[in-house]
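K.L.:
Use these hints to put chain A onto chain R, whose structure you have.
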Amino acid sequence: MKPIWTAFIAALVALLGIGLGPLAQEGSSTLLGFFPVLLALLCLGLALIGKLIPATLAVPVALIGAYLPIGKLSALGNGSVAAWGYWANFWGFLLVAFFAAGRVSLSEADGNEERAKKRLRGALPPATVPFILLLIWQGLVIGFQVPKGIFPGVHHVYNQLASSLGVLLTDSYITFVKEVQFGFLIGVSAGFLVGIAIAYSRFLQNGFLPIAAAFGAVPIVGLAPVLGRAFGVDWQSKAAVVVIVTFFPVVLNTVQGLTQLDTLKLELLKAYAANPWQIFLKLRLPNALPFLFNALKLAAVLSVISVIVAEFLIPGPPRGLGQRISLSARQGAYDTVFAAIFVSSLISITIYQLLSWLERSLTGWHPSYREEGH
Amino acid sequence: MKRFLPILIVLVVLILLGYPLALLFGLPLARRDMKDLRKWEKETISLSDGVALAGQSDGSNTVFTYPRAIVENDDSRTLFVNDSSLIYKAERPEERVDGERADFHFESDHGLVVQDGVLLSDGDYVREQNLIRFRQTPPRNAQLRQYPDYFVQDSERGEVVLGAAPETGARVWTDSYTIYARPACGDTLMACFFSLPQHPVPFPHWIAARVVPFFQKFPLTDERNIVRSTLYTSLGTLSSLALGGAVGIILAVLFVMFRPLERALLPWTIASQTIPIIALVPVLLLVLGNFGITIQTSLLPTAIIGAYICFFPVVVSTVKGLRAIDPLILDLMKSYAAKPLEIFWKVRFPAAVPFFFTGLKLGTAAALVGALVAETESNNRRGLGFQILGQVQSGNVADVWILLIISGLLGVGLVAFVGLLQRLFAPWERV
Numbered sequence: 001m002k003p004i005w006t007a008f009i010a011a012l013v014a015l016l017g018i019g020l021g022p023l024a025q026e027g028s029s030t031l032l033g034f035f036p037v038l039l040a041l042l043c044l045g046l047a048l049i050g051k052l053i054p055a056t057l058a059v060p061v062a063l064i065g066a067y068l069p070i071g072k073l074s075a076l077g078n079g080s081v082a083a084w085g086y087w088a089n090f091w092g093f094l095l096v097a098f099f100a101a102g103r104v105s106l107s108e109a110d111g112n113e114e115r116a117k118k119r120l121r122g123a124l125p126p127a128t129v130p131f132i133l134l135l136i137w138q139g140l141v142i143g144f145q146v147p148k149g150i151f152p153g154v155h156h157v158y159n160q161l162a163s164s165l166g167v168l169l170t171d172s173y174i175t176f177v178k179e180v181q182f183g184f185l186i187g188v189s190a191g192f193l194v195g196i197a198i199a200y201s202r203f204l205q206n207g208f209l210p211i212a213a214a215f216g217a218v219p220i221v222g223l224a225p226v227l228g229r230a231f232g233v234d235w236q237s238k239a240a241v242v243v244i245v246t247f248f249p250v251v252l253n254t255v256q257g258l259t260q261l262d263t264l265k266l267e268l269l270k271a272y273a274a275n276p277w278q279i280f281l282k283l284r285l286p287n288a289l290p291f292l293f294n295a296l297k298l299a300a301v302l303s304v305i306s307v308i309v310a311e312f313l314i315p316g317p318p319r320g321l322g323q324r325i326s327l328s329a330r331q332g333a334y335d336t337v338f339a340a341i342f343v344s345s346l347i348s349i350t351i352y353q354l355l356s357w358l359e360r361s362l363t364g365w366h367p368s369y370r371e372e373g374h
Numbered sequence: 001m002k003r004f005l006p007i008l009i010v011l012v013v014l015i016l017l018g019y020p021l022a023l024l025f026g027l028p029l030a031r032r033d034m035k036d037l038r039k040w041e042k043e044t045i046s047l048s049d050g051v052a053l054a055g056q057s058d059g060s061n062t063v064f065t066y067p068r069a070i071v072e073n074d075d076s077r078t079l080f081v082n083d084s085s086l087i088y089k090a091e092r093p094e095e096r097v098d099g100e101r102a103d104f105h106f107e108s109d110h111g112l113v114v115q116d117g118v119l120l121s122d123g124d125y126v127r128e129q130n131l132i133r134f135r136q137t138p139p140r141n142a143q144l145r146q147y148p149d150y151f152v153q154d155s156e157r158g159e160v161v162l163g164a165a166p167e168t169g170a171r172v173w174t175d176s177y178t179i180y181a182r183p184a185c186g187d188t189l190m191a192c193f194f195s196l197p198q199h200p201v202p203f204p205h206w207i208a209a210r211v212v213p214f215f216q217k218f219p220l221t222d223e224r225n226i227v228r229s230t231l232y233t234s235l236g237t238l239s240s241l242a243l244g245g246a247v248g249i250i251l252a253v254l255f256v257m258f259r260p261l262e263r264a265l266l267p268w269t270i271a272s273q274t275i276p277i278i279a280l281v282p283v284l285l286l287v288l289g290n291f292g293i294t295i296q297t298s299l300l301p302t303a304i305i306g307a308y309i310c311f312f313p314v315v316v317s318t319v320k321g322l323r324a325i326d327p328l329i330l331d332l333m334k335s336y337a338a339k340p341l342e343i344f345w346k347v348r349f350p351a352a353v354p355f356f357f358t359g360l361k362l363g364t365a366a367a368l369v370g371a372l373v374a375e376t377e378s379n380n381r382r383g384l385g386f387q388i389l390g391q392v393q394s395g396n397v398a399d400v401w402i403l404l405i406i407s408g409l410l411g412v413g414l415v416a417f418v419g420l421l422q423r424l425f426a427p428w429e430r431v
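Same order as they appear, the protein sequences are chains R and A. The working numbering puts the first residue of the first sequence at 1, with every later residue one more than the last. The working numbering puts the first residue of the second sequence at 1, with every later residue one more than the last.
In short, the hints are calculated from the structure, not lab data. Keep in mind that this is a model prediction, so the values were computed, not measured. We treat Cβ as the ideally placed atom computed from N, Cα and C, and that holds for glycine. Incorrect hints may appear among the rest.
[As the list claims (entries may be wrong)] So these bits of chain R aren't anywhere near chain A, every CB distance computed over 10 Å: (1) 118; (2) 128; (3) 168; (4) 185; (5) 190; (6) 267; (7) 294.
[As the list claims (entries may be wrong)] Not everything, but these chain R residues come out facing chain A in the computed CB check (under 10 Å): (8) 99; (9) 124; (10) 133; (11) 230.
[Stated by the list, open to error] In silico DSBU-like cross-links for lysine-lysine, where the CA-CA straight-line distance does not exceed 30 Å: (12) R:282 / R:270; (13) A:320 / R:265; (14) A:320 / A:346; (15) A:339 / R:117; (16) A:320 / A:339; (17) A:334 / A:346; (18) A:89 / A:35; (19) R:282 / R:265; (20) R:118 / A:89.
Chain A with its partners taken away, still in its complex shape:
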């Protein structure tokens, strides 16, 4: 009990740390949602009397401002100069903007010319009726528009520019316009936080609440059932451990028996670990597919990838074990006239067994990662890797966390299992 108390306390602290972490990651997203006008609720204001826009009608001013931020594309918005109504309409050029042409025809023979949302001044183009000659050729796919009556220059400030300056003392007014009323997610930051569709780090109790429904989502007969996926992935990892262990032992024995082989190959086994083998998964899948193996249902890709990852620590520590022999024992065997093969079987091999398992333990976690990636890349629906990918794609972050915890426990369990094997096969050595 005394041994587990600190672990328990640290675990609880880590779980509690989930709350500030959830806020740390969630609040910036919530703030973004709150600031983003596109995610605000809209509301149309209709006035029976009409309200004047801010801005002086002095015969030259063309900039007027609505009382609040306005929605740019809004059919219900009205704008009057005295009694004449101005229409919000954007005209496209009749020609394609190909980056070479500088002359464009528009529908009307008057209006404001806008390039990529920026209002051009009279000096930037020459107007001949409805033909606009740009002084500078607009780049390819530039957005050219002509607004005959007026143009919303800044929707957040409610600023519009009129095509023609109203005469002195004219009344510029509106009786209907749509505003950004309030953030759709809520009025406060916390409200926005709670209404986030996907939290990068959910509150720990939300994850806990998902556990039971998550396990019950599919019946045991369905291959997507989580217990079955976990078993499948552990089977894949174990087979990769078996394969990697076998390869590792063979290589280690060869290395110890033939020195030149070790000198030639050992540097490359180290280098092989720096090669991102995971990157080879697509190629491996293709090759296996060509050999007629349906990669979507086969354990083979998992086994091969995992084996490649876990053979290296096995080789290194098995070689160490085969070499780390007490010279006294060797002398004794020689004085009994033991043959080299006998020495190998009776002395070296038993001495290497615990080392072999230590290496295998080191490789287990990496083999599990390899198995998960191989499953995702091969679209193998039966494993945990595919489950993780599926939950990520459907946005169930809490479920992703549950799957991560499960795969973490699986990793710990597999290491413990290898440790158990070690006790079974090498009971004389308590490592």
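The following block holds chain R by itself, in its conformation from the complex:
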């Protein structure tokens, strides 16, 4: 892949070169005009060394380099030659940052490297991506002078987040602790029990599984208004949506996990005269755990999405993140919308990571992890 990288760098330098002329034209001293280009070349040099630490250093420097022209862009307005220069500058630094992060992950490892370095190599590239995206967002909003009412800048969202954190946390409490948690617990435990029942009945496996699979294709959130009528418009109806949404994936995966057994192991246990209860406890249940965790992760993601849709579709008392998003969007307060989305994403990513961690600690023996370790 080496030629591609060099082409990459060439394109980049060309971009920065375009930036050079207009910067000098603007009237600032030549040295100042050259400064960003020099900075970019420095970053590229650091990244090209191919060692972990220089490449790591290059990433934040390049990100700051991309941040600096944003302020100038807002003052310049669009269309002027200098503005083009700053744009070139901005995109060039973003590319440099991305390139440097890529070099971090490609940098050669020493024979016996400390764990911290290994971690850094694994974590830095994904950690760079959100910064790049935020810079692009901010650059586009400020550079094109998009008014706050049409699309808010990152700083607007940040301010909104800081000022209305209390409200958003209350909303998250309603959405996650009351609606999601309650529905998730009921849906998952019901799904697990039904899954066990189905796994032990050939008839239900033949009859119920295809229907349960088909239910995966039913837009269950469409039921939300109906459930709103049955359970009232407060949090109970949204919890009911979560129950239904989480139920089916858990059923399907539990059945798969309990039935897709290694026949050798089953025969071994039978040869030891294990009773069905022992087989369940020692073979079926451990075998089902990875499947179950897959279902739990899927259900967690699904339930957050569905609860927000349910809050859209069942307008109840104005509490909960979905309600907040829907109401704010109607009032044109898009900074609040993004702040609420940020909070809910943060919480659902945390839930997802928590489940993954639980999965690793409970099913670490599973082959899918062993392969990764090597």
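P.N.:
Only chain A this time, still in chain R's reference frame:
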């Protein structure tokens, strides 16, 4: 036949389960209707002789009780103490209750003072003619009333409190009053159940009875016709599948070709799925609106939302497919001196096709949900999503259920369609 019999039996059981479910959800609502006095029929009782109220006229007692529950605001009700008639009248204070003022003027200089429906005792205020000084300042917007003659303290028990205690042996009587006669919905719980205006879960045969009129409601030329809406929504979902599939393939190929890209972006594609994208629908609609797209008639919002939802499983399984190559085949290709691009086109790509379709199938149902939500949020009148919302708002629960069944069948059909495409494009692999 043997394969479908269990499915059929389970389906029938599920449909029959609709009956107990309908009762389970409907009966509490029916009971609520039955208990709620406001929903009862009223009836005025007129007596030529008059009837005495329960309660002792011992010179100090002021509480008297009508024979039955009475309607509180009732012009036809009469109340007499011996021969003098008492009038039911509520006086409002002349001043605003702003939470700071404690003195209020009323029209009369006598009567019972009531704050928020609770009768105050003499110790709670001081009376100076028609000025009432409250000892405790009433909170903002508290409801203050003065009843000069008498006050209905408990309408369900028919209890009234007189402003002045009748003298010993006085006759407290009435010759006309309005009672809550019977629940408007019917005498029995089942009658109330059947007369519910909207059942959360209707009986399955009621839904079945609505099917034909539902399909005939609009002619085929009307864009609200259900067949047309279904086709429109499936078109939206298919376009979102096309878009999401394309994005998914591109990302997967990039990931496989550039390892660093995968390391940097894959964690975020997973994270992107935990972001409630649906919440972004209003913002997306606004942005698209700013680009001059009439969101009410465009397929674009549907396509974008659906694509965002369904690209992730496509990426994951396509990457898996591009990587899951038999090393023997790779060695063979290398020994033929095949170029990397040739290996990609002749080995990796064909191997990934079935995986791609498996991922697309996983995303189909979610894409349909995204399409429905996008349609409701963008007020796109042509799709099923808007139909569902419309029927919910007009309260036709049976029609909502029909629409849900239709969208469920549509989901199953779309998955089958993707499966068909898979057989068409990857006939060598029966998954």
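K.L.:
Give a verdict on every hint.
P.N.:
To see whether the hints hold, each was checked on the structure:
no.	hint	result
1	118	holds (13 Å)
2	128	violated (7 Å)
3	168	holds (13 Å)
4	185	holds (19 Å)
5	190	holds (15 Å)
6	267	holds (28 Å)
7	294	holds (12 Å)
8	99	holds (9 Å)
9	124	holds (9 Å)
10	133	holds (8 Å)
11	230	holds (3 Å)
12	R:282 / R:270	holds (12 Å)
13	A:320 / R:265	holds (28 Å)
14	A:320 / A:346	holds (17 Å)
15	A:339 / R:117	violated (35 Å)
16	A:320 / A:339	holds (22 Å)
17	A:334 / A:346	holds (12 Å)
18	A:89 / A:35	holds (28 Å)
19	R:282 / R:265	holds (10 Å)
20	R:118 / A:89	violated (84 Å)
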